[in-house]
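K.L.:
Below, each chain spelled out in residue letters.
There are 2 protein chains.
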Amino acid sequence: MHTIKEIAEMANVSRSTVSRALNNSGYVSEEARKRIEEVVEKTGYVPSEHAKSLRTKKTKVIGVIVPTIHTETSGKIVAGIDKELAKHGYQILLAATNLDQQKELEYLDLLQVRQVDGIILLGTNTEPQLAEKLNTLPIPAVMIGQELEGVPSIVNDDEGAAMEITSYLISRGHTRIGFIGVDETDRAVGYMRKQGYLKAMEKHHLPVASEWMEEAVFDIDSGHDAMERMMQQGRQPSAVFAVTDRLAIGAKSFLKKAGFIVPADIAVAGIGASEIGQYSDPPLTTVDYQNEHAGAHAAKQILLQTNDTEQPCEKIMLNYRLISRDSV
Amino acid sequence: MHTIKEIAEMANVSRSTVSRALNNSGYVSEEARKRIEEVVEKTGYVPSEHAKSLRTKKTKVIGVIVPTIHTETSGKIVAGIDKELAKHGYQILLAATNLDQQKELEYLDLLQVRQVDGIILLGTNTEPQLAEKLNTLPIPAVMIGQELEGVPSIVNDDEGAAMEITSYLISRGHTRIGFIGVDETDRAVGYMRKQGYLKAMEKHHLPVASEWMEEAVFDIDSGHDAMERMMQQGRQPSAVFAVTDRLAIGAKSFLKKAGFIVPADIAVAGIGASEIGQYSDPPLTTVDYQNEHAGAHAAKQILLQTNDTEQPCEKIMLNYRLISRDSV
DNA sequence: CTGAAAGCGCTTACAG
DNA sequence: CTGAAAGCGCTTACAG
Chain H
1 MHTIKEIAEM
11 ANVSRSTVSR
21 ALNNSGYVSE
31 EARKRIEEVV
41 EKTGYVPSEH
51 AKSLRTKKTK
61 VIGVIVPTIH
71 TETSGKIVAG
81 IDKELAKHGY
91 QILLAATNLD
101 QQKELEYLDL
111 LQVRQVDGII
121 LLGTNTEPQL
131 AEKLNTLPIP
141 AVMIGQELEG
151 VPSIVNDDEG
161 AAMEITSYLI
171 SRGHTRIGFI
181 GVDETDRAVG
191 YMRKQGYLKA
201 MEKHHLPVAS
211 EWMEEAVFDI
221 DSGHDAMERM
231 MQQGRQPSAV
241 FAVTDRLAIG
251 AKSFLKKAGF
261 IVPADIAVAG
271 IGASEIGQYS
281 DPPLTTVDYQ
291 NEHAGAHAAK
301 QILLQTNDTE
311 QPCEKIMLNY
321 RLISRDSV
Chain Z
329 MHTIKEIAEM
339 ANVSRSTVSR
349 ALNNSGYVSE
359 EARKRIEEVV
369 EKTGYVPSEH
379 AKSLRTKKTK
389 VIGVIVPTIH
399 TETSGKIVAG
409 IDKELAKHGY
419 QILLAATNLD
429 QQKELEYLDL
439 LQVRQVDGII
449 LLGTNTEPQL
459 AEKLNTLPIP
469 AVMIGQELEG
479 VPSIVNDDEG
489 AAMEITSYLI
499 SRGHTRIGFI
509 GVDETDRAVG
519 YMRKQGYLKA
529 MEKHHLPVAS
539 EWMEEAVFDI
549 DSGHDAMERM
559 MQQGRQPSAV
569 FAVTDRLAIG
579 AKSFLKKAGF
589 IVPADIAVAG
599 IGASEIGQYS
609 DPPLTTVDYQ
619 NEHAGAHAAK
629 QILLQTNDTE
639 QPCEKIMLNY
649 RLISRDSV
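Here the protein sequences line up with chains H and Z, keeping their order. In terms of the working numbering, the first sequence has 68 at position 68, counting the first letter as 1, and numbering is strictly consecutive. In terms of the working numbering, the second sequence has 550 at position 222, counting the first letter as 1, and numbering is strictly consecutive.
Hints were generated in silico from the structure; no laboratory data involved. As the structure is a prediction and not an experimental result, all values here were calculated from the model. The beta-carbon is built from N, C-alpha and C at its ideal position, and this holds for glycine as well. Hints are supplied without guarantee of correctness; some may be wrong.
Only pairs whose alpha carbons sit at most 27 Å apart, straight line, appear in this in silico DSSO-like list of lysine-lysine [as the list claims (entries may be wrong)]:
#, chain 1, residue 1, chain 2, residue 2
1, Z, 333, H, 83
2, Z, 415, H, 103
3, H, 52, Z, 461
4, H, 58, Z, 333
5, H, 103, Z, 431
6, Z, 380, H, 60
7, H, 60, H, 257
8, H, 83, H, 57
9, Z, 461, Z, 333
10, Z, 411, H, 5
11, H, 83, H, 103
12, Z, 386, H, 57
To be clear about the criterion: a stretch of chain H counts as covered by chain Z if any three or more of its residues have a C-beta under 8 Å from a C-beta of chain Z, and this derived list gives those stretches [claimed, not checked]:
#, stretch
13, 65-72
14, 83-97
15, 270-280
Please take these sequences and the hints and turn them into a complete structure.
P.N.:
Written as structure tokens, this is what we have:
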């Protein structure tokens, strides 16, 4: 690895001049520039980002904190972030919490230490501790998927989507509609989607039986088990809305095993527009949140903020669209 | 953000002593250490990684180059890498090529500039240019999924797996077996898996018709189209082996649309043990490569090499297992 | 148009 | 056990 000093010596100029030439800042004579370019070309010299960062306090790296990295949703969001960031020469420093909320806070520190220029967080909760930390961060942060006081965020219309999908089930003649949700500390997925379900039911004056409401965690098996519990009750629903596609897939897999036909016996719907839902049997009715867009938006936001620190704290709510397929 | 100088002043010691205390290197009296710890605690001081890196030439960051980040395979491998790395306080700097081979080379440079301690590459090809670059890299590199001269690598037994799955189809009574592959510049997926197929057919003295061999690219739609082409020929196969699950899913989706019953009319098998295959209809027979393990192995390898530069260039071939499900 | 010098925030021999 | 000093590789006023 060469250093700027070596390049300067080889080109017979000072380090200052090399720096100016490379950064296009300040005057450099044509001849000097040419000599420098030749040397750079010949040596393959690239300046050390660390030294640069130390001086300029900029790293062109954005920290991204995700709950899990091998799920489709995270994957698409990160892909969206990456594509947008790459356009501007930024890179992603990735941190996965594996759904451990404590780690969310730890990584916030860790990423700061690495002097990232900004942080994008795929939120799983809205704990006040997190909000506080995010608000006192010396660098810009953007939250995806959850709304948090004082933090710019890209959110989905979770309540609206849940209402729409529940209403869709109702419009297809269903009145006994089950619900598979998750813990409400996840405000977007746990609370808002449940609200949407409840509001739709209420609007149509339909009863909501407690034995039709199950709580699960974020995986397929958990959806399977929730469906199993629901069907063991006396009164069985004729349709079920699960707050994620993976939960819905799990529910369907239980129903299939237990001999129920989807959608003839029971209709199933989810949220997420995952491929696994698209190619499962029968294809899953769901809502598309356009996760790549969410990622791209977040990247744009963070880039805006790094360049102009006093950006207003924007909240963006993304569109969704219902995808009706054969599971309903 | 505080600096070591401020901490030193507040604790009434020199910067050297603060550094020694924080890194547990060299002697520090109990009293000094206590004072320093108190100040650090109070201020929430964390040393700048950039300054550290500039001195020590270590960053505790590993660059990971992937073809795409939103696919299940990449996701699982990266998850495996991340988990192992996190144990040792390392982080991932992510770069996605979106299947552009040129970018693979560019990112190799970019990551070096960022002074990562090592690079893990999910390989898609074995171009000599890539091998050469990897071999002259001043930092350790590990390749996953492809074998490359002189580069430590974690590979799957692609030929073995393809042979086994083809033999499995044969053992179920199939003799007319189609093949959906990808370009052979991807040596592992394109060439080795095709070899496995051909060898199994040859071993059982079965004919391989050219109209049973299709080439696709890495997505579901492409598998669909390849299957469509194959079925438009005069002689139709009774089974088809696609080199990835996604291709197999695409093939199945065409067959379904065209009115064929899987597996009664045509059996379908893939490789990858993806969830989408598991929950598709009927569930896909496939081979599990245990991608998380591959990632973890790669991380261990790279960690070994960063600490001990003269590690021998190891090649590891991972186990696979056949998962037989209803698509065959 | 150019270069000497200071400084970013650390670590590490070295002298005491 | 501790501190002064040099140095990692850059950038940026400043003086010329």
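K.L.:
Need the list of violated hint numbers for this structure, in ascending order.
P.N.:
1, 5, 7, 9 and 10
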